[in-house]
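**Q** Sequence:
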Amino acid sequence: MRTLSDEVKKHIGKTVHVEGWLHKKRLLGGLTFINVRDRHGIVQVVIDDKDEVEKLRGLQIGTVLAVEGTAVEEPRAPGGAELHDAKLEVLVPVTEEPPVEIDKPLSHKPENLDTLFDHRVLGLRNLQEATIFKIRSDLLRYIREFLYGHDFVEINTPKIVAGAAEGGAEVFKLDYFGKEATLAQSPQLYKQIMVGVFERVFEIGPAFRAELSATTRHVSEVTMLDVEMGFIEHDDILKLLQELVYDVLTRLYKEHAEDLKKLRAPELMLKPEFPRYSMKQIHEMYQKETGKDISQETDLTPEEERWICEYAKKHDGSEAVFATNLPKSKMKFYHMEGEDGSARSADLLFRGIEISTVPQREHRHENLVAQMKAAGIDPDSPGFAPYVTAFRHGLPPHAGFGFGIDRLTEKAIGLNNVKEAILFPRDINRLAP
RNA sequence: GGGCUCGUAGUGAAGAGGCCUAUCACGCCUCCCUGUCACGGAGGAGAUCGCCGGUUCGAAUCCGGUCGGGCCCGCCA
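Residue 879 is where the first sequence starts when you use our numbering, and the numbers rise one by one after that.
For the record, the hints were derived by calculation from the structure and aren't laboratory data.
A portion of the hints provided could be inaccurate.
List time: in silico DSS-like cross-link candidates among lysine-lysine, alpha-carbon distance up to 27 angstroms [what the hints assert, rightly or not]:
| hint | residue 1 | residue 2 |
| --- | --- | --- |
| 1 | K903 | K887 |
| 2 | K1208 | K1037 |
| 3 | K1140 | K987 |
Whenever a hint applies, use it, and build me the whole structure from the sequences.
**A** Next comes the structure, spelled out in structure tokens:
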């Protein structure tokens, strides 16, 4: 019967059997300490029998071990317990030296990220790296639990599609049995169609973006949370997103307080109600404060995104802020126009970066078709005809948002590059590992 | 795609015309060490200084090209 590392302390005085990876050796002459890593963490094993230590000669970190020993309460040991009188069995010997040291924090300096990703396969065995992805896993779980709690149905939509879903973003083209297909840049059209079935749907899945972007916030394959909700006013969706983000982040900071501290994450500053500023207000405030002329800008510049986040943190005590009344020029064909001529749409910014766009959709068939034509899209083309059908057969007022999981994880932890929050990131130069 | 920057042992860094037969730390190998936890100590191996060409008596160091990173901008989430 295998005992996991964190359960050793529950078996004081008994013989326990532990299995895992050799994570660290410390030889002190007559006494040797080794750390064994398993899925719950690290357990310390004390070996004083020279023959047992000899079994590890020539073996490297990563060697897979079975250890049998007596669980002993020991305040000096990490976790307060350790194994004594250990008998070692080498299950998988490893003689090759690891290319990176996995028992101490790996460098996340920008210029060293390439090395980090080159050696990702082994680097992820580092406890701090693994913690990032445990946090990501829990963020996804919190999101799912929140949405299930609000009566949403989780869906999966195709990632090989006939045409561009949104327009705007560049798409990857591929040969599909002699036809040209694209990798989905968003589940946008499908999730709207599904409002006609379930009213409230969400999907967590990949989206593919072919932009030649080389920044700390872009990758070619991104994990998106997509939410769509029928029978709403625009404000309802802003409130849902606000509640979701507040719920998920406060829960993360509560349940992962220790991990976040180890990763040097900043303190979380959030209020249940996020401040809202219109795009116009932000432009004016930014211009007044910095003296920079951004009258030519319709969208927020990256510099403004950082600035308004700092402003909201200082003045509103919130690291999350809505930029509302986005310019009409940012509108896509499926967005609804607002009363003041702007888009009925908002961006959610968190810690200096846009993590979500929240528009209401144009649900009226005639208006949608007109907007599609104005955008140069043929409503009868194979990629779009099924979508338009859903509207002809009745879709209620609806809205939703796309939400970058990678950016959320990055910013929740306080990392500086979205790729650090992705197991095996894909960017314009990286296709492996 | 544009601008600016950087490529030195497995990893992270220092060296900015001759002091370089290239330095340090971690890792690795050998030995010593019974409470370590980034253990400590002694010794050792490991680098054609990204690549090609040029300037120079002499290039890791200067120049040109090339390949590969990074950051910012644009595009976008």
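**Q** Can you name, in rising order, the numbers of the hints this structure does not satisfy?
**A** Every hint satisfied by this model.
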